[in-house]
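On the provided structure of chain W, position chain P as indicated by the hints.
Protein chains: 2
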Amino acid sequence: MIVSPAQFLEYWQGNRRLTRRVTLAFPEDQLFTFSIGGMRPFGVLAWEIHQVSELTLTGLLTGEWPMPEWRNGVSQDRAELLGAWDELTARIETEMPKVDPAFFPQMHQLPWGEMSGWAAAIYNIDNEIHHRAQGYVYLRALGIEPPAFPAYMGP
Amino acid sequence: MIVSPAQFLEYWQGNRRLTRRVTLAFPEDQLFTFSIGGMRPFGVLAWEIHQVSELTLTGLLTGEWPMPEWRNGVSQDRAELLGAWDELTARIETEMPKVDPAFFPQMHQLPWGEMSGWAAAIYNIDNEIHHRAQGYVYLRALGIEPPAFPAYMGP
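So the protein lines, in turn, are chains W and P.
Our numbering applies: residue 179 is where the first sequence begins, and numbers increase by one.
Our numbering applies: residue 179 is where the second sequence begins, and numbers increase by one.
Okay, chain W solo, but in the shape it has when bound (with noise of 0.2 Å):
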């Protein structure tokens, strides 16, 4: 197999690790207002991530995707962020263990669509990874340097 499902986990959450470190790196009077290009704050980029992230472990372990409004972000508290993020964490170790194997090759309807289990769950770390990024030119904008990528070296 390619992967495993601890290797997947620890994949997820050395991600989660990276993103929460971009979070605390940014000024807190910049984190929900600076940005460029008209796009979204990295504070509400990284409630998005949360609220992607909450919504794919029910998903895998329930089958049911009730779609969350996340485009506008909880609320504009660092702490409270990071408090729900840690919860999450907590959460997703020790509940992806729990979710059967069966689920990933199998099709699934998703709010956006028919997908496989792997296809959603690989989604919502490609959608951690492309937002963080767009963190790290705020970062640089900013004249801060961003925590070092990759998040993730194995096993």
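What the hints contain is simulated information worked out from the structure, not anything from laboratory work.
Ideal placement from N, C-alpha and C gives every residue a C-beta, glycine not left out.
All clues stand as given, with none of them false.
Not the full set, but computed from the structure, chain W residues with beta-carbon under 7 Å of chain P: (1) M179; (2) F186; (3) I214; (4) W296; (5) H308; (6) Q312.
Derived, one-sided and incomplete: chain P residues facing chain W with beta-carbon distance under 8 Å: (7) G215; (8) W296; (9) I300; (10) I307; (11) F327; (12) M331.
Structure of chain P alone, referenced to chain W:
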């Protein structure tokens, strides 16, 4: 299993198609010049993606990881970049199915440390998503609507 070799190939190729579209979305005179916060222009990042992808394909097939010089790009010629890109896309299509599935769980010595075959393969794609997303910010800063994300919706 979480992802089959055929799904992983399609996932990689979906990402390559999207990155190619991002490369084409830049005005030719901005591809190798436009930059934010002292970062490399997108054309240079695209050459890096190409070189890491070529290195990864070679590594997966042979176990050899000959490090290229990838910080500075190869040329400032979009047609040359896209020619190399398309050649590699064709190689990936025919050669990835020849990778020994046993390669992925095994540990390998890479230029930047010991990694599983899985970690090496997914790092390559993470790197592509990460730098491509930076290109999205450059395009927005240039007032250009980037191609739709995500790259891959299954199977």
